[in-house]
Amino acid sequence: MVTLEHYLVLSAILFGIGAIGVLVRRNAIIIFMSIELMLNAVNLSLVAFSRQLNSMDGQVFVFFIMTVAAAEAAIGLAIMVSLFRNKETLNVDEINLMKW
Amino acid sequence: MELLLFYIFGGVAVLASLGLVTGKNPVHSALFMVVVFFVIAALFVLLGAEFLAAAQILVYAGAIMVLFLFVIMLLRLQPEELRNTSRHAFQKFFGIVLSLVLMAQIALIVRGGFFKGAKGNYTPEVVSGFGGNTEAVAAVLFTDYLFPFELTSLILLMAMVGAVVLTKKELK
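Note that the protein sequences, when read in sequence, are chains A and B. Numbers 1 to 100, taken from the numbering used here, label the letters of the first sequence in order. Numbers 1 to 172, taken from the numbering used here, label the letters of the second sequence in order.
Isolated chain B (complex conformation):
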């Protein structure tokens, strides 16, 4: 059952990301991107990471996708912007070949099974003892990673200020 769900979600993810990459219209690409984000959230649920699945849908499928669609609609791209120029056949060919080589290399290393790390303490029993995945993530996030967690607020503040400064019309 889990395997069947994995193949369904994985297949949809691959097809939708191909649609994202090949789409002629940026709006279509953005909608394919939402499909990919939702399917990856479903895979997070299969992996037992319910908190991240919820965060994935809220942050990516909610906030980031709306931002993309807003910008695409604000910029009113002319038809020639949408057209894919054909004078780059050489670059396109090598881009595809090199990416396929990269993909095959990663898959080959992964199939070799070189990943033998030390096991951590959070077995499924311990996680359910905390009361669930969200509580277990919080227990780690607010103890071992408290300082990085506080630093992310600084990153978000910088992003906010940066976005306002960059899109301002003229600095007086």
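Just chain A, with the same shape it has in the complex:
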């Protein structure tokens, strides 16, 4: 029997791997993919709770998160295209215009 805990532990592992990607990688596109991975891990735990609690609200939330993730991907990749056009790099260490 697969319990709620199985899904939540898997979700925690995927979220942690996504966090490692955000903290360790320097390529902006791979950082962005890691953020998508973290969003997916949270979606998984929402659907698991939705089944556990016999409620449809969790699945509706996941639907909204997918919409926001699609919008975020479009905007984020547009930002990356204009960033690359201006600085010729996607290494986040060299993108330090707002740092002092």
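Take these hints with a grain of salt, some might be off.
Simulated pairs of lysine-lysine, DSS-like, Cα-Cα distance not exceeding 25 Å [unchecked claim]:
| hint | chain 1 | residue 1 | chain 2 | residue 2 |
| --- | --- | --- | --- | --- |
| 1 | A | LYS99 | B | LYS92 |
| 2 | B | LYS24 | A | LYS87 |
| 3 | A | LYS87 | A | LYS99 |
| 4 | B | LYS168 | A | LYS87 |
| 5 | A | LYS87 | B | LYS169 |
| 6 | B | LYS24 | B | LYS92 |
In case anyone wonders, no lab produced these hints; they're calculated from the structure.
Based on the hints, put chain B in the right spot on chain A.
Coordinates of chain B only, in the frame set by chain A:
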């Protein structure tokens, strides 16, 4: 049987996401990301959320992945962009340690079993009475969440306009 499928899909998800994070080439990472999305769709099916599984494959494995691959190919990253700089060993070490601590903390809380919410009305019998998962999701989405649903159209419109404005060459 369900447990076996869960371990297969879960194992593939963990391995593919490790491949995503460690991949040297962004194209390889994008393809590993597709594997993760498909496996999570399979887990949604195991959880009885068929509508979300279909939406996951259409939106993530279809639209978002194509967007990523397009941008990776448009940007023609030079080899030095692909190389992972080694001067960040300190930051890398702490990033991995802190993420592992975070992972362990979440898993520990989850194992404690503090989640005792009130049960909702949508038992499997009620859902099959609606005619399936998709109908049940629609019944909630178009009644209780109608206004947020309409607002998502505004978010998508803003994303569309924003993407066009950001990638435009020069504003006249």
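- Query: Of the numbered hints stated previously, which ones are contradicted by the structure, given in increasing order?
  - Reply: Of the numbered hints given earlier, the structure breaks none, since each of them holds.
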